[in-house]
Structures are given as C-alpha cells and as structure tokens.
Amino acid sequence: MILITGATGHIGAAVLDQLLKITDPGEVAGLVRDEAKAAHLKAQGVQLRVGDYRDPASLERAMQGVRKVLLVSGGADEDGLQQHYNVVDAAKKAGVACLAYTGRALQNPATLANELMVRHFQTEEYIRASGVPYILFRNILYMDTLPQFVGPQVFERGIQLPAGQGRVAFALRQEMGEAIANVLADSRCDNRIFTFTGAATYSFADVATALSELSARPVVYTPIEQPAFAARLHAQSLPEAVIQRISGFLTDIKNGQEATVSTDLADALGRTPASLQEGLPTIFKL
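Using this note's numbering, read the sequence shown as starting at 1 and increasing by one per residue.
It cannot be assumed that every hint is accurate.
What follows is a set of in silico ranges between Cβ atoms, one per label pair, in the way DEER data are often shown [what the hints assert, rightly or not]: (1) A231 - E27: 23 to 33 angstroms; (2) R245 - F284: 22 to 32 angstroms; (3) T222 - A43: 22 to 32 angstroms; (4) A200 - A228: 23 to 33 angstroms; (5) G26 - S212: 46 to 56 angstroms; (6) S212 - D55: 41 to 51 angstroms.
Just so you know, these hints were derived from the structure itself, not from any lab.
Remember, it's a predicted structure, so these values are computed and weren't measured experimentally.
A virtual CB, placed ideally from N, CA and C, is assigned to each residue, including glycine.
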C-alpha cells in the first residue's frame with residue numbers, strides 16, 4: 001500500500017493519477033481531511049484514509065497497513081514544520097517501511113532569502129534522524145507558478161520583477177507528479193535523493209520572449225529593484241508576510257538558488273521534460 005498525503009492538492013493529485021496507471025488501484029491510498037471532498041478519488045479506486053497533519057493519532061491510524069508514505073510538504077502555516085514532524089513520527093510508530101518527501105531543489109540552504117524554504121531541509125534532517133528508510137524528492141520551482149509571478153496583465157504590462165537575470169530550471173508539476181509516482185512504484189527504498197528539474201534554465205527575459213512568440217503579442221521583461229517591487233505589492237494591500245515570501249522567492253532566483261539542472265526527472269520520466277515553449281501554451285491557455 002502506498003499512501004499519498006495531500007491527496008486533493010495539485011502535486012498529490014498528479015502523483016495519484018500516475019500511480020493509478022501503473023499500479024493496482026487497490027494498493028493506492030490518499031490521505032484526506034474530508035472524505036466528502038475526495039469523492040472523485042474514491043470513484044477512481046483510491047482508498048481514502050482520513051487524517052490531519054496536526055493530529056498525530058489520526059495520522060498513525062491512517063498509516064496502518066501502509067508500506068510507503070509520500071509526505072507532500074504543507075503550506076506556509078506557522079506550525080508547518082511541526083506538521084511535517086508529526087507525519088514523520090506517525091510513520092515511524094506505524095511501522096512504515098519507506099517515507100518519501102517532496103522538498104525543494106535549491107543551491108544553498110544557508111543563504112536562502114525565503115526563510116520558508118529552510119523548513120524543507122529541516123524536514124529532511126528529521127526524516128534521516130528518524131531511522132525510517134527514505135526517498136527525498138527535491139523539486140525545482142513549478143513552471144505552473146509563472147502566472148502568479150508575472151501577474152494577470154502580463155500581455156498588457158509585461159513583466160517587472162526584482163529577479164535580475166536569475167535563471168530557473170522550470171518543470172511542469174504534472175511531470176514531476178508522474179516521475180514521483182514512477183519512483184514510488186519501484187520496490188526500492190534505499191535512502192535515495194532525486195533532484196527533479198527541467199533540462200534547461202530560463203530567465204524571466206526568456207519567459208517574456210517565449211510568451212511573445214507564442215501569443216504574437218510583445219512581452220518585455222524589465223528587472224526592477226526590490227523596494228519598488230515591495231511598494232507595488234503594498235499598494236495592492238497584500239499582507240506583509242506574503243510580500244516577504246514573494247520577495248524571498250524572487251531574491252533567491254536572482255541569486256541563482258533555482259538554477260540547478262539535473263537529469264533525474266528525465267530519467268524517471270523516460271523522456272525529456274517539457275521545455276518552456278512546450279509548457280507555457282497550456283499554463284497560459286495560448
């Protein structure tokens with residue numbers, strides 16, 4: 001039995017979609033907080049296990065009879081790290097034979113501007129210390145997040161971000177989910193680390209060029225300074241914590257944190273991951 005946490009989320013759903021294609025549906029389970037919201041998964045043959053990252057007892061119950069657990073990293077909750085720890089502890093108590101985790105492909109944890117990302121490496125350390133055999137998936141920034149960075153009026157106003165000429169090896173979330181599922185379906189669990197990235201890196205200037213070519217509308221990338229960017233977000237009445245988080249992402253991109261390129265994703269997929277030109281039409285509906 002393979003249990004996928006965050007089963008109704010984007011990456012969890014992508015993993016389940018592929019697992020259902022390559023394994024016996026009776027061996028696939030999804031952790032959900034509300035069964036009613038996961039009826040579509042049940043209809044596909046996914047066993048539903050009810051549990052909450054904040055409720056260790058529910059997690060331990062949900063993991064009974066489970067061989068592998070994929071811990072899909074949580075959001076930006078203040079107690080997010082403790083939630084991860086709860087899942088690890090429950091997996092150990094339930095006798096899970098393999099614990100996998102979706103972390104981040106970042107160059108140097110010690111110099112991250114986005115402090116939220118540090119918890120990924122803290123979670124990895126906790127998993128290692130648990131003694132449970134593990135698989136660590138270090139994922140690059142999803143190409144699917146580009147609309148959130150460039151904004152809804154990208155074709156009218158272009159792209160203005162404090163990311164300099166920083167580059168990212170963007171990859172599609174669906175392909176990462178597919179690759180994770182392929183690895184989980186393998187019987188091995190030998191403390192491996194997979195770095196899932198696209199086959200090439202792209203700057204926001206490259207994103208602008210690709211959008212221009214695909215839409216036949218001119219899109220220009222203009223690097224701006226961090227204070228001007230923060231002021232723009234303040235003018236949109238965004239909470240300070242959100243502004244800091246977005247700014248941290250972009251500062252890390254500028255500093256090369258997302259520029260890692262690995263062949264692991266291609267190897268797990270059995271093909272070259274989608275390029276920027278191939279992925280953007282679906283993301284932006286072009």
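task: Take the C-beta atom of R245 and the C-beta atom of F284, compute their distance, and say whether it sits inside 22 to 32 angstroms.
output: 23 angstroms, holds
query: Does the Cβ pair T222, A43 satisfy 22 to 32 angstroms?
result: 47 angstroms, violated
A231 versus E27 beta-carbon gap, inside 23 to 33 angstroms or not: 52 angstroms, violated
- request: Take the C-beta atom of A200 and the C-beta atom of A228, compute their distance, and say whether it sits inside 23 to 33 angstroms.
  value: With Cβ atoms ~30 angstroms apart, the hint holds.
- prompt: Does the Cβ distance between G26 and S212 fall inside 46 to 56 angstroms?
  reply: Cβ of G26 to Cβ of S212: about 49 angstroms, so the range 46 to 56 angstroms holds.
query: Does the Cβ-Cβ separation between S212 and D55 fall within 41 to 51 angstroms?
result: With a Cβ separation near 49 angstroms, S212 and D55 satisfy 41 to 51 angstroms, so the hint holds.
Violated hints, in rising order: 1, 3; the structure is consistent with all others.
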